[in-house]
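Chains as they are written, first to last, in full-length UniProt numbering: chain A, 1 to 501; chain B, 1 to 501; chain C, 1 to 501; chain D, 1 to 501.
Derived from the structure by calculation, the hints contain no laboratory data.
Any given hint could turn out to be false.
As the list makes no split between identical chains, a pair holds if one copy fits it or if it spans any two.
Claimed, not checked - In silico SDA-like pairs for lysine to any residue, Cα to Cα no more than 20 Å straight-line:
1. K72 - G228
2. K280 - P76
3. K342 - D185
4. K96 - E486
5. K484 - P408
6. K96 - R181
7. K226 - L412
8. K413 - T481
9. K108 - P301
10. K215 - S129
11. K280 - E227
12. K266 - D316
13. K484 - A371
14. K345 - Q462
15. K345 - G184
16. K96 - S17
17. K241 - R84
Protein chains: 4
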Amino acid sequence: MAPWSLNEVSEHNSAQSCWVVIHNNVYDVTEFLPEHPGGAAIILRYAGGDATEVYDQIHVPDALDKCLPGEKHLGPVQPDAARRLTEERIARKKTKDEVRVEEAHKRKPPLSHILSLAAMEKVASDVLSHKAWSYYSSSSDDTISAFLLVAISPVEIYIPAAYSENARAFSRFFFNARVMRPVGDCDPSTTILGYSSSIPVFVSGAALARLGHPKGEINITRAAAKEGIIQMVSSNASLSKEDIMAAADPTQTLFFQLYKNRDDDKALKRVQEVVGLGYKAIFLTVDAIVAGNREEDIRCPWVLEELESGKPAVWDENAPVEDVNLGGTAGNLVNRDDRNMKWEKTVPWLRSVTTLPIVIKGVQCVADAVAAAEAGVDGILLSNHGGRQLDYSMPPIEVLYRLQRQRPDVFLKLEVYIDGGIYRGTDVVKALCLGAKAVGLGRAFLYAQSAYGEAGAAKVVQLMRREIVTAMQLVGASNVTDLKPEMVERVDWECLPKSKL
Amino acid sequence: MAPWSLNEVSEHNSAQSCWVVIHNNVYDVTEFLPEHPGGAAIILRYAGGDATEVYDQIHVPDALDKCLPGEKHLGPVQPDAARRLTEERIARKKTKDEVRVEEAHKRKPPLSHILSLAAMEKVASDVLSHKAWSYYSSSSDDTISAFLLVAISPVEIYIPAAYSENARAFSRFFFNARVMRPVGDCDPSTTILGYSSSIPVFVSGAALARLGHPKGEINITRAAAKEGIIQMVSSNASLSKEDIMAAADPTQTLFFQLYKNRDDDKALKRVQEVVGLGYKAIFLTVDAIVAGNREEDIRCPWVLEELESGKPAVWDENAPVEDVNLGGTAGNLVNRDDRNMKWEKTVPWLRSVTTLPIVIKGVQCVADAVAAAEAGVDGILLSNHGGRQLDYSMPPIEVLYRLQRQRPDVFLKLEVYIDGGIYRGTDVVKALCLGAKAVGLGRAFLYAQSAYGEAGAAKVVQLMRREIVTAMQLVGASNVTDLKPEMVERVDWECLPKSKL
Amino acid sequence: MAPWSLNEVSEHNSAQSCWVVIHNNVYDVTEFLPEHPGGAAIILRYAGGDATEVYDQIHVPDALDKCLPGEKHLGPVQPDAARRLTEERIARKKTKDEVRVEEAHKRKPPLSHILSLAAMEKVASDVLSHKAWSYYSSSSDDTISAFLLVAISPVEIYIPAAYSENARAFSRFFFNARVMRPVGDCDPSTTILGYSSSIPVFVSGAALARLGHPKGEINITRAAAKEGIIQMVSSNASLSKEDIMAAADPTQTLFFQLYKNRDDDKALKRVQEVVGLGYKAIFLTVDAIVAGNREEDIRCPWVLEELESGKPAVWDENAPVEDVNLGGTAGNLVNRDDRNMKWEKTVPWLRSVTTLPIVIKGVQCVADAVAAAEAGVDGILLSNHGGRQLDYSMPPIEVLYRLQRQRPDVFLKLEVYIDGGIYRGTDVVKALCLGAKAVGLGRAFLYAQSAYGEAGAAKVVQLMRREIVTAMQLVGASNVTDLKPEMVERVDWECLPKSKL
Amino acid sequence: MAPWSLNEVSEHNSAQSCWVVIHNNVYDVTEFLPEHPGGAAIILRYAGGDATEVYDQIHVPDALDKCLPGEKHLGPVQPDAARRLTEERIARKKTKDEVRVEEAHKRKPPLSHILSLAAMEKVASDVLSHKAWSYYSSSSDDTISAFLLVAISPVEIYIPAAYSENARAFSRFFFNARVMRPVGDCDPSTTILGYSSSIPVFVSGAALARLGHPKGEINITRAAAKEGIIQMVSSNASLSKEDIMAAADPTQTLFFQLYKNRDDDKALKRVQEVVGLGYKAIFLTVDAIVAGNREEDIRCPWVLEELESGKPAVWDENAPVEDVNLGGTAGNLVNRDDRNMKWEKTVPWLRSVTTLPIVIKGVQCVADAVAAAEAGVDGILLSNHGGRQLDYSMPPIEVLYRLQRQRPDVFLKLEVYIDGGIYRGTDVVKALCLGAKAVGLGRAFLYAQSAYGEAGAAKVVQLMRREIVTAMQLVGASNVTDLKPEMVERVDWECLPKSKL
């Protein structure tokens, strides 16, 4: 009975009976293990011991209180144990990476000096922990080892990451700008599924914001309210859908990004909660049924270990084989998702459980855009999951271009959005010319809130607004309906990488 | 009453009553504030104080005397105040950037060793103040932050600047050179709107030449006279249109680049002055109704501050938000321009107020070239404002190529010129083969006069003449009418950036 | 008579009478010289002396005992000679390259940290001797000297190696991925010539595995058995076809890569042996009738000499001209191969001597794929010998793409495989979409067994399996027959080389 | 009267009376000035003084004796003057560049280690004087200043040199190699204008070989004889056409590259001499009627001065303008050539004065190839003068490709050759597949003889022979008539520059 001694706790150190100490209280999480969105393995690593620190990285303080039934709250540890644990947490020497992050935060430039999303990403790359950066920035079949190889081999190996291809693809689209058109009053606002947005940009689902900033997704929610845009909230957010909705302005529009559970009952329950909370649309995610191969994310623990010890790991033929988490961070998140969805089954099921608009997130080719239109959904988000899933997936702006040329009728049947690779107002304007109703930004908001909190997230919208308006005026458009396919031309030359300064 | 004490002057430090001291004389510029081509903000920064130094950077000594009514000349400051101000100006320690510039001027190579426009640009990049270089060289959505990002990120982001694309576009056009044609006497001369030019090159409008050299645009005017080419004078020149015309040779041809004021009466007044002064054509600027996003120019004050202090600015959450001039230098210049021009309104209006030939400067696609022909103007200048406005605007040589293939009839109805990205005589000859009557050079003259004054500007023409004649002879042309579209072929390969030595 | 003095042995130092000492036993190899697969020259270099060391690099200890008739085993050297030779071998100072290799092996990362074939190649490039690396990695018209030139010349010279083009070609193929398809159970297995394979990958013939690891090809054979894939054994393996078959699991499938001798009788004998040993198919090699020009391999002896002495060789006009082995390592291997094969002659001959399935290895264009189908063979391996033979040979994935578009009927008449340039699961999936039945990996297995022995070779298959399954699921395929040509699109842009970190 | 004092000689220091001392003998070259192939200016720089050193760089010792009438040989200088001049020549301190060259020669690798033309060029770049390297390697609109600019500017400027484009163009042609063809006996020989050649390669005209090696063009002549190929001798060779023919083997075939004098009588005289000497064909040069803009060559004197003094030249506003030789070395050579040649005039004139076969050297587009066929000449050499004349001239292999596709009939009417950008046997085989009868190498022979004399020149042929035979065997050809257009495919991807090791 509470208060517990650490000895008593330490006996419950397996999947059969798993207790953990968090902020000096003991919890029995044995039955919760299979439910944990981040997977059982990470909890079991701390079974019978203190899990406060790793818990705080991802979760808000009261998350566990909310999702665990009262009887599993076993009460506090003994006072001297509490004191010892707290002291240990305080006394723990900062890791080299933590020290680096602290120093970087002191050096970051004034927010007013951030003139572009790329500049914001640069700051984020400085101030993020290696773990957060690895998760946020990683993409499919990461190129790190290829880089290293190239440096020593006489042969160059070309293994592009889908992430950078998404961005580069925009550089193949040039404007046929029109002059002598009245653009003195230029209005960049639009609607998405009937909900108004101050600019044709929304927050695309992006997970685990607390890895970058303690307030997490709420930074983005508040900035979206202030700047008048719509946020799509991920099932895998580090805050619960309840907490995020609670932080929202009453008039604010939020959409929900659904990762469908393979168990229809659990999926149904989640949809009902979403509807009940007041989310205005369901974005069903279909491009992440399994985790992509994100090497930088997988490699992260080793890199940190080597950084800390100063010694690289070396091969020992006789050592037991290390168990590597090849699914990476994302693997844990999608473990129980439905891998057997079908147009003719899943869309009708979702229609049958909610009247909210349905958008399919993750369409990657013309054929599936047509299939979506035939399935009668309200919108599609052309996306390859930010290049984090299938390498060599066609860049979304290229899919949009093909759709505009091959099946312009699809745009009459549903709304089309894209995300992936957008860095500039010109990118947004190109997408709108080619028929997109709006574009999503994911990483940009994660990076900005990591670096500057809510003000950073708001800055993303402000930068985009100014660049979008300037680009609209300079192509001769005074509102979004003035943007036409003929204003954009896909050129046959390549934009080359710049030399470094 | 004059002479004034500095205390008295210092009380007039707001938009309500704004006095400034320039070369020890006091001026009341309150009513002039909204008229200032460079914007009110820059004046207000010096309201109630001494503005001599910043005034001298842009204006000739008697500029203010001319444009301010006599009653606003309030007379001198008191003798000891005058002495003190003069001493302060002299005693002011040179900034690190000023010292750098002085040293660079001592090291620059003999003018005879400058063999190409690129070499001239290299010298200019050395000897220009950071402020001048930032303004002259900046282009839309500058790539500086992208560069920095690339250096640290595993992902390359491709954000080409329109400026470099303009130049690179020429590298996709190769010659089908003809041999066995008599070219012993090769004449590169032509006419522009009926006025003769020794080579098919003119000075395209480029602003603020005094940033680079105290004599400013007059360096270019005199070089143009000597070398027999035509200068198009910008509304935003640092010298007045009167001063420039006064410096011209009586037989010299000058054109005027008009930025139309949104107030038709003011625009009319300016046109009438231009006509009265003897300018021979109006180039109506339509590609700069709002300022492009020129990051390097915006960033310039911070860069200088950091250079001087040796300390980068850092984020302070509690500091008041800094007011950033996001319009940059150009923003001030175009603030009051007409953003609601229309083919069917603006061209007839201009026709109604002058009989001078009208050229539309800033056409960026075939459709607008056709619109211009239908509007009955005398010429079009295919230009994206040197890549300083809309990023991913189609490079002018590409627009020319499309016009030649899709609507060759337009060349029969008006004269077509291009500017942007021209570095070599071969570039000029390619443009002429594709139907251009002449090409404009802007930055090249700014750079050259900054580095070597009038002799530098003349050198630009001499280099071009020699390269043009050589290229004409080697493609088999003895005069400009021998240059034909079939002599140029757009190839499907890319010219790659060279490695650095 | 044995035991022999070293003096006696040393008299037999020519092609007329050639004795060598190996592990202190004397052999008369005079009659064996023309039979030596590695050529007579290398043996003659050691004629009359001790050849133990170079012998051990390539051959297993009992190789000579097996292939030399008993009467040529002349018996041991005298005891004191044996002692002296052994001492000399032990006392021999390690070369700088040997020391480097030893150190590199101590530093190599844990096998569990190897996440890609590129990372494996990186380790191999560290731990391989220069000789092995030069032979394994070299490709046609190696670019080494071109690199050097580029570094000093104002002119860049572009001489791509076929090897890197093979890999880069894959980067022009992007996916049109399908979503909403049930892929929860994804099975990557297939059959090759009717024999089952756990993934659509086989070991393509690659020679001289002992250069990288003392166990040589057996590492690969055992890994193939364990992982359930098929190995194609090269005529030029460093182990005999008998030894490799002996090491195989009884249920394991092995194919044989035949280099046909120009003497039909010898070729017949080899085929009969192959059939007798239980190999299941003949891959007739037609892309290596002469050796390609592999400069890095040719240069290897000089590089090692310079490394050892610390002094580069310099030109001496009066020195006798050095005899350079321009054929390199491969030259010796193909010296006696048939250079006059013909479709109408060679295929019927092979059919007449065996009932095994026949695959032509080395088809490089559509026309020859059609010729093969007409000749009635069972399969073709589209291959340019890993880019080691003809520079600018069309990359195999491009040949496959052309075949799919121009002559899809060929896929109905025989099985099509490709090898060359494959690094990722996505590469394999692209090839299968375009009609390939399976793909071969050659160097990947050589590199992996060199670095980590049998475990390394198995790791190659494990990495491929995971990447293939992930890619299949993300394109919407639950087994290999779901992969269709329309899932792959050849794009018109280039994937650029990455910058180095 | 001789012997002359130096004072007497020094009075004849102008174009009116110009004496020079060479090897201590006095010559009156006043009347010879306008005849000097290298121009009068270079002689006048030494008028009245000792010109021995500069004379020796270009000319063989007895050149002047031969071309100057006896009465202009004024006899020796006085003995003490002779002694003093000789001592001065000996005592003259070596320049830094001369010292560098001497050291480089000591370090060059054995000729047997040279495995490619690129490696040979690398050695030449080390051992050549800066003057020779600048002349040999320079190309039109050299990119040197562009390089420098790129290093400092945020904007990249793309100014490719025609020279490197010539080479890079080959990388767009890939093979459709055929297998299963009997190539055991592969014969690379061919005929050119009916004269046999051991390989389909000839020496293309290249001037001033003595800049690189004292024996000059004779190195090449002797190597050509030994290796059985044909040499085309330039009008601008540093040895006379008489000397070169005298060094030739009696059975050796030499062609003559004619730069036609604008004075038809002088041109006629030269042709008659050529015919009389036994040259077998006239290659009329039409791609160099004026000198291209070769910046590196122009810049050479300044670079050497700066190297010697250690101080860069700087701008002095008051200094007299330096007279720059903008024609460079080539300018002097083509000064008196005919710039008004015409198909309908020049070809008939040449036919009227000789029965030798006529080849037009310098055709750069399909239209002129057709014009040549209509003019009835015997051959055309597709050439842009090694990229030294018009920048962005279409690369010769691209012209050949267009000719093969657009006007295959032309190949039936005359022989077609190409030069420019050839580095490999595969390049030669590609050209032959596309219809060329043979290819010319120019710089390759200059570089090789500079580095290794006659043996170097022979090595070029040996390298080419081996690479050509290997490539022919690997594409499935046993003689040159087996090479067909369908064996080569122009691909739509770019070959990228390699990273530096």
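Each hint, compared with the structure:
no., hint, result
1, K72 - G228, "neither (41 Å within a copy, 48 Å between copies)"
2, K280 - P76, "neither (41 Å within a copy, 69 Å between copies)"
3, K342 - D185, "between (46 Å within a copy, 14 Å between copies)"
4, K96 - E486, "neither (53 Å within a copy, 50 Å between copies)"
5, K484 - P408, "within (12 Å within a copy, 25 Å between copies)"
6, K96 - R181, "neither (57 Å within a copy, 45 Å between copies)"
7, K226 - L412, "neither (32 Å within a copy, 55 Å between copies)"
8, K413 - T481, "within (17 Å within a copy, 33 Å between copies)"
9, K108 - P301, "between (26 Å within a copy, 18 Å between copies)"
10, K215 - S129, "within (16 Å within a copy, 44 Å between copies)"
11, K280 - E227, "within (18 Å within a copy, 50 Å between copies)"
12, K266 - D316, "neither (45 Å within a copy, 46 Å between copies)"
13, K484 - A371, "between (25 Å within a copy, 18 Å between copies)"
14, K345 - Q462, "neither (41 Å within a copy, 34 Å between copies)"
15, K345 - G184, "between (50 Å within a copy, 15 Å between copies)"
16, K96 - S17, "neither (35 Å within a copy, 58 Å between copies)"
17, K241 - R84, "neither (35 Å within a copy, 67 Å between copies)"
Consistency note: the structure conflicts with the earlier hints numbered 1, 2, 4, 6, 7, 12, 14, 16, 17.
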